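Sequences and hints are given; from them, build the entire structure.
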Amino acid sequence: MSPLLAQVEIRERTEGTCVSDNGFCPDWIVDNFDRYVDPFLQHVLLTVVAMAIGFVISFSLALLAYRRRWLINPITQVTGVLYTIPSIAAFFLLLPVTGRGFLTAIIALVAYVLLIIFRNVLTGLDNVPDETKDAGRGMGLTDRQLLWRVEVPLALPEIMAGLRIAATTTVGLATLAFFAGAGGLGEQIFADINFKSNVVAAGGLAVALAAVLDGAILLAQRAITPWTRAASAR
Amino acid sequence: MTSSVSAHTSGPSARHSAATLEFRKATKRYAGQSEPAVKELSLTVPAGEICVLVGPSGCGKTTAMRMVNRMIDITDGDILLDGQSVRERRPAELRRYIGYAIQQVGLFPHLSVADNIATVPRLLDWDRERIRARVDELLELVSLDAAETRDRYPAQLSGGQRQRVGVARALAVDPPLMLMDEPFGAIDPINRERLQNEFLRLQREIRKTVVFVTHDIDEAIKMGDRIAIMQKGGKLAQYAPPAELLMQPANPFVEDFVGSDRALKRLALQRVRDVDLWKAPLVRVGESAAEARGKVAGSEVPYPLLVDDDGRPLGWLSERALAGDRVTDERLSRPDPVLELEDVLRDALSDLLAEEAQYGPVVDERGAVTGVLSIEILSHALKADLEAVPSRADAL
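Line by line, the protein sequences are chains A and B. The numbering of the first sequence is our numbering, which starts it at 1 and goes up by one. The numbering of the second sequence is our numbering, which starts it at 1 and goes up by one.
These aren't lab readings, by the way, just hints derived from the structure by calculation. Since we're looking at a predicted model, the values are computed, not measured. Glycine included, C-beta positions come from ideal geometry on N, C-alpha and C. Watch out, some of these pointers could steer you wrong.
[Stated by the list, open to error] Listed next, the in silico DSSO-like pairs over lysine-lysine satisfying Cα-Cα at most 30 Å (straight line):
no., chain 1, residue 1, chain 2, residue 2
1, B, LYS235, B, LYS265
2, B, LYS39, A, LYS133
3, B, LYS279, B, LYS295
4, B, LYS232, A, LYS133
5, B, LYS279, B, LYS383
6, B, LYS232, B, LYS39
[Said to hold, decoys possible] Some, not all, of what chain A presents toward chain B, calculated at C-beta under 8 Å:
no., residue
7, THR132
8, ASP134
9, GLY138
10, MET139
11, GLY140
12, LEU141
13, THR142
14, PRO153
15, TRP227
16, ALA230
In structure tokens form, the structure reads like this:
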């Protein structure tokens, strides 16, 4: 075991209690909730920053590849390799280069979401009906106007679907970010992995975060793609 | 609603211009292909007329149309819009002043009907109020209820409604030229006929120059002021008004494409009001039978036609109805088919045949009988056509 996993004493060990039995103790969770706030916020920060950077990079790559088709294969391959590197491995590989800390974790997390978002943006753009593009061009939209007023809006359902997958994946992977020394809920989980209350509290927060992000993106998608529901409303 | 603004004379855009379009040896050659897609196409479409490009698939008709707004670039030759070469203008800018309607319509699914129609006005920076007024005006123009349709998404419309919105969108900035690529091709036959009629009615008001692409010769004959028949290799086989095309096909290809029934097709060029109808022996129940017999004797139609007080046809009477002193209501048959003055002769003929009738009462706008159309009149109309045409048509 790496010294990173050194057990930290997070509770007193009075014999014969729920706590000493490593049980699930709601009272303890309520009393000790403070200790999860910072890790939780670190987790949110890791996820959101990684998602934001990952989105900007992969969205730009997708736009490039959409116009220059020959880029699709190389980009898919490179991001595919990044996607398949286990993230723990990525954290350790990066340690000699970027050292321990937030940056290292972010790089690994970003690398992981690139393929997911890239593929969804590209699929979304590719699925825009030809006649819609033809009509747009025929009416005098420039390529840029067509992209931002027609193609990107119509790709939104796919793009948002990609973001949802990326968000839940990132929340999960960020629990390993403490390997890179970036904290997060994972650090809390592994601080006392035998203590059910601890694992449930920290793990539950991670699950809740994933669910909330997923729901938030879904709501955002509904808000910005009202036409997708109009069809079924008929 | 700004329905007080007249759609026809003083709307938010009342330029009502139409452009003259000239193809001057316009040629499109694709790299790696021996045959050009369009070969030295030369024709002029006078302002305000509908020119139909028709031909079998692969004849280059769509390519020819798409060269006009530079969706496809011209290899050789030129296309002039009011004397100005389209090649001198930036494509996107050129296209904003050329209406564009295609078979699949291509409405933007994520935009409401109003926003779809507002596409080009927004590109041209019209102000909000003007756009709003124009959208409503256009929806009325294409027979859609503005209040009801405006905020819908394309997915919430029927095929025919979508097509109408497509036409409205193409007309948004009142362009002097419209390009229409099989605009009614994906619509079922009944609605297609309705949309065609609507567009012709619309065209009488707006008088645009229109390039209309279709593979359907019947549609071409119906819609076109002039028809350009194209054949494989992008060559123009004949460019002429429909009547001339039917009566004097320029070569065997045209003759074949127009079809061996082109004599019948000519009936599509004339309407019921264009021919001399027979006088109908109109009788009413209770009038003197002797007088009624006199009417029948003085008419080419051998049966008395019973009408109501407003002159609307009720049915053909048998001889027994006139046997007594007064006309009685003893009907031989219903008056079907009842024809209208605006019907084209081809449709009238097919109605007569469908009812297995020799005679069809013709009614005016109010529904009152103005005369009778018979199979004999139709056959005269056909013969008259033939006599009017010298040379080739004699061989028909």
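Here's how the hints hold up against the structure:
1. For the hint pairing B:LYS235 with B:LYS265, the CA-to-CA distance comes to about 24 Å; that is within 30 Å, so the pair holds.
2. Among the hinted pairs, B:LYS39 with A:LYS133 is consistent with the structure: their alpha-carbon atoms are about 28 Å apart, no more than 30 Å.
3. Of the pairs offered as hints, the one joining B:LYS279 and B:LYS295 holds, with about 10 Å between alpha carbons and a cut-off of 30 Å not exceeded.
4. A hinted pair counts as satisfied when its Cα atoms are at most 30 Å apart, and B:LYS232 with A:LYS133 qualifies at roughly 28 Å.
5. Restraint check: the Cα-Cα separation between B:LYS279 and B:LYS383 comes to about 21 Å, which is no more than 30 Å; the hinted pair holds.
6. Distance check on the hinted pair: B:LYS232 and B:LYS39 sit about 10 Å apart at the alpha-carbon level, within 30 Å; holds.
7. With a cut of 8 Å, the hint placing A:THR132 at the interface with chain B holds, because the nearest CB-to-CB distance is about 5 Å.
8. Annotation: interface hint on A:ASP134 holds; nearest CB of chain B at approximately 6 Å, less than 8 Å.
9. Interface hint status for A:GLY138: upheld, as the beta-carbon distance to the closest one in chain B is roughly 4 Å, under 8 Å.
10. Checking A:MET139 against chain B: minimum C-beta separation of about 5 Å stays under 8 Å; hint holds.
11. Using the Cβ-Cβ criterion of 8 Å, the hint placing A:GLY140 at the interface with chain B is satisfied: the shortest such distance is roughly 4 Å.
12. Checking A:LEU141 against chain B: minimum C-beta separation of about 7 Å stays under 8 Å; hint holds.
13. The beta carbon of A:THR142 is positioned within 8 Å of a beta carbon in chain B (closest approach about 5 Å), and the interface hint is therefore held.
14. The closest approach between the C-beta of A:PRO153 and any C-beta of chain B is roughly 5 Å, which is under the 8 Å cut-off, so the hint is satisfied.
15. Using the Cβ-Cβ criterion of 8 Å, the hint placing A:TRP227 at the interface with chain B is satisfied: the shortest such distance is roughly 5 Å.
16. Here the hint on A:ALA230 is kept, as its CB sits about 4 Å from the closest CB of chain B, short of 8 Å.
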